[in-house]
Each structure stands twice: as structure tokens, then as C-alpha cells.
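With the hints as your guide, set chain B onto chain A.
Protein chains in written order, with the numbering used here: chain A, 1 to 234; chain B, 1 to 427.
Calculated directly from the structure, the hints in this document are not laboratory data. Computed from a predicted structure; not experimentally measured. It is possible that part of the hints are untrue.
Said to hold, decoys possible - Which bits of chain A does chain B cover? Going by a derived footprint, with three or more residues having C-beta under 8 Å, they are:
1) 47-61
2) 71-78
3) 171-182
Yeah, the Cβ is synthetic: ideal placement off N, Cα and C, and Gly gets one too.
Next come the chains, spelled out residue by residue.
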Amino acid sequence: MKLLDHLEEWLITFLMAAATTIIFASVVHRYLSGVSIPGLQDWLLSLNFGWAQELCIIMFVWMAKFGAAYGVRTGIHVGVDVLINRMTGRTRAKFVVFGLLAGALFTGIVGTLGAHFVWENGFHYALYTALGKDLVDIPEGPTTPDLEWPTWIVYSAIPLGSSLMCFRFLQVTVSFIRTGELPHHDHGHVDGIDETTIAEEVNAFQMEDNLHPHDLTYRKRHPEDSSGQGGKQS
Amino acid sequence: MNASIIFIILLVLMLTGMPISISLGLTVLSFLFMFTQVPLESVALKLFTGIEKFEIMAIPFFILAGNFLTHGGVARRMIKFATSMVGHWYGGLGLAGVLACALFAAVSGSSPATVVAIGSILMPAMVKAGFPNKFGAGVITTSGALGILIPPSIVMVMYSVATNTSVGALFMAGVIPGIGLAMVLGGVTWYRARKFDYPRMQKATFGERWKAFRESVWGLLLIVVVMGGIYSGMFTPTEAAAMSAVYAFFVAVFVYKDLSMKDVARVLLNSANMSAMLLYIITNAVLFSFIMTNENIPQALADWMLGHGLGMIAFLLAVNIILLLAGNFMEPSSIVLIFAPILFPVAMKLGIDPVHFGILMVVNMEVGMCHPPVGLNLYVASGITKMGITELTVAVWPWLLSMLAFLVVVTYVPILSTWLPKTLGMM
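Pulled out of the complex, with its shape left as it was, chain A reads as follows (with noise of 0.2 Å):
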């Protein structure tokens, strides 16, 4: 479980830094094979950077559908909660849990359906070849305009992700049941003007607005906020 944990947050860490490279050295190849340095123009122009933008384009879907799962477990995701987050604390739960499920349930049948999706655009042709059986009236699927990667591959992102998406929302689910919290980001404190502050404690989209749930604990963290008591409390 760790494993996983790790292996999806190295995972959108390095495609978030490689897509930039990408771009970066694309561009940079483009500007400087206009400049005319004797052997080394000619090294550049031999490279081809047409397939950067393909690249990127996929890294970053990959990233968007890890990086989607990796978001329920930090609680990033933004809802209209202002009418939950008024409801009185067990009431809430109850949608809180509605929500999750919810979000397993999308999650789920977007995973069912572009994992039928895949295998229909060529993993069932690859998966038999690769076994030797014969191929009867199973299409080989298509390939990406520039890179020439198999499209089955590059859309395998729908599948992998949603079904990591709504493993991570059950995961959520049980432990918002046995525990009564939901991940949060608890903003420390933020020191005064001083030379080595960095502005991080306060992570915007991971606060406890009303564009996240309120779980059962953030009561006993906020005790000012009166709302979600069902009226004023003397």
C-alpha cells in the first residue's frame, strides 16, 4: 500500500518535471538551430522535435488522471459544499459518504468502459500476438499522428487511473467511517516578515471552505465557526 502510495506520487512528480523539460529544450532546439555555430547547428537540425508537443499532451493526461486519484486521498478536489457544511454534523456525514460512493461509482464505470475502450483499440490484438494465438477478424489498433505509439497504450491512462481514482475514493470512504475525518490540510502557522519564510503552510484548494466537506472532526479544530450546528449555540 505504501508502494503504491509512492509510486503514484513519483509518478506524477517526474511526468510534471519531464513535460516541462520537454517543452523547455523544444523550444530552446528550435531558437537555437536558427543560430548558425559550425558543427553544432548541424547536430541540432539533425534532432527533431516534432513529436514534443505529443509528448507533453500525453504526459500531461497521464498526469491528470493519477494526479486525480492522488487528489482524492489529499482531499484537493472542489465541490459546492455550502449547503452540506450547514447541515448538522451527522446529517453531513451521510452525504459526505453519498459523495464518495458517488465519485467511486463515476469513477468505476469510466474505468469499465475505456478499459473496454482499450481493449477494443488494439490491446486485444497486441495481448495475442504477444501469445501466439491466432488473430481471427481482431483489428490492430491504431497509432498516435507523430510518435507512432500505439493509441492503446497512450489511452490505458483512462482505465489505470479511474480505477486507481475509485479505489482511493472507497479508501476514503471507509476510513471518513471508521475514523469520522476526511483529508484535510491543517494550515500552521505562517511566520512574520523574515528572511527565511516560505509561504507554503497555506495551500489554496486544500482548505477547509465551503468548497470542501466539513468532517466530523472540524469542529473540535475550528471552534469558532458556529455554523453546521443546526442554528446558534448560546
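For chain B alone, coordinates are given in the frame of chain A:
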């Protein structure tokens, strides 16, 4: 009929508090399943192809760049520079805050990020200098909103994704309204500081100003890289975003040395997390707008409005009211992605300029970020100052009112937004 079914499903699902992306996706699935013959498999494919556009990839790059700048000491040097320039006027640090926010907004594409970057350093400093807590919070919360109006802007990229408007033209169009709004907010700050006689700084000497400028020049240069690069056609907006991410990384790690390699990994992970969340909303919103177009809803709405003799003025008023209301429930990216595809065709039929319409939406989003119940800036400021949301709401009122007045001006004076891109020949 179909339209109302779609909207009722969406509304009910959203109000249960599930993530917006999930409620959009489930609406589409259930509608397709119950009322149409469209094969569900096409949904899975759309989930991939929905974001297969190079323009969208500007969003993760800008988020990454913004995070490097926030953590990398660029904000602190910009504050010093701003303070040395305007700190001696009425409003002192407050006015410097507005200027610093405007400068930071010109390198960052997000409002809450601007509040974090400037606010976490400046707000404590203002309290130390003798300003009331709520004055500082009011200034920074509202000025931080400049982040999405002054280019680059993530919300503008979202709008361009939803409506196929040129990102470059939108960016240029944001410059004049952005400077205008900064001046309005600065004016309010100046007026209130003079009225209550808040402390001023000592006037910085020319030497001090030069030093502050030299230190912050690395951050300021980024403005030239992004805007100049896009305008001159050297980069596409997405490439400019990638360049600014690499540049910001370089400055933070090698020039200012405020960020260690270990921090870099964390910044990358955080940025990936936030980008993935936004990209996930985009994919599902693309699905949703696909359904809308499939059912001809925007067209029907446009015909209905024109049939009732609704003119441009009434329409723009209605748009403002709808968006301000929506700002009570959702954050800007979702609002733009859901409402822009619906309202845009109507605006086109009424002859409203697409770029002007985009700027109008962005200014609306800014207002929504500064008031409860969901104003992101407000929550960020609350996290920094430890003030309650109610108290902060009172604190931002003077600035929020002037922002609303500015919204009216932007709405009905299109030339504010369209003049610069037209003059530069970008539209």
C-alpha cells in the same frame, strides 16, 4: 425539456457536496444512459480527447511557475521593491501591497497564489508596523484577485478552452483593466489610510530603490519573457508558460538559492496535484458542454433571449448577476467552464466581442473570490491572519464595493479591454 432535466440533475448532484468534476460526469452519464442512444463508450474516449489540446497544457505550466515563484523568494523581493517605490505615500505598506500584488500577478496566473505569496509576508509586517489587522487583510485579499486579471491568467486559459478565443488576445486585453483595477484598489487604500492616519514609511533614497530594483529584477524580467514572448510570436502561450516555469525554477534554485532540491520535488508534486484537479474538472466540463451542444441548448437559449427582445445591456446585466450568484457556490475555473459555453453563443449573437466578454467574466470571478461563502482569497487570508471569515468579510467591504463599481465600468465600456489587443493587431 431536456435542458431542464440536465440542469436539475446537475444542480441536485452538486448540492450534495460531491466534487464538481464528479457531478458533471455523472450528469452526463445518467443523461446519456436515460435519454439518448449515444454509446457510452464514446464517453471514455472523450475523457481522454477532451484535454488533448496543447493550449490546455498552459495551465499546469503556469501553476508550476507560480509555485516556484511563491516559494522561491521572488515575492519577497517584489514586496521590497514596491515598498521602496510607494511606501512613503499615504497607505504606506498597504499601497505597497497593492503594487506588489499587481507585479506578482504579472508573473502568476492564480489569485489565491498571489494572496499566499504576498499576504503571508506582508500582512504580518503590516500588523508589526501598526496597521489594524483588518486593513491589511482587506488590501491583500482584494488586491490578490488581480492575479487572474493581469496576465498570465489560468482563468483566461479556461475561458479560451471553453470558447476557442485566442489566449494571447485575452492576455493583452487583461492588461489595461488590470492596471485600472490596481489603481482603483490603490486609491481606496490611499483614501482610507489618509482618513484614519495610518503609518507611512520613510521615503526611500534613490540608492535604496535601485538596490531593491536590482534584487527583484529577475522576477520582473519574467513579465517581459511571458508577455513579450507571446506578443512577438516567439512562443505560443503554452510554450511561454513552460519557459516561465523553467525560468522560475532557475531563479529560485540558482539565483536566489531559496529553494533546495528537496523542496523542488515537493513543489512539483503540489503543482501536479492542483493541476490534475483542474484538468479533471476540464475533462468533465468538456463532456458536459458536448452534451449541451448536442442538445442545442445554447442555441435555444440565444433564440429565446433574442425572441424576447433582450438587448445587449440587459443581457450583460443578467450575465453579471448570474455569475455573481454562481460565485457564491463555486470557484472560478468551474464557473467559467460551465457557464462560458452556455452564455458565449448568446453573446456572439448579440454582437458582443468575445475578448471583452472574457474579461468581463474574469472580473466577475475576482469579485466572487473576495466574498463568502466560498471566496478562496478570503479563506487564504483567514489562514494567514487567523481572522474569522465573518470578520474578514467586514474588512474587505470598502475594496469590494469599489471592485463592483469597476465591474460595471468594464461591463459597459468594452474599449477598455479591446483597445490594446486591437492596437497590437492581435484580434
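Against the structure, the hints come out as follows:
no.	hint	verdict
1	47-61	holds (count 5)
2	71-78	holds (count 5)
3	171-182	violated (count 0)
Of the numbered hints stated above, the single one contradicted by the structure is hint 3.
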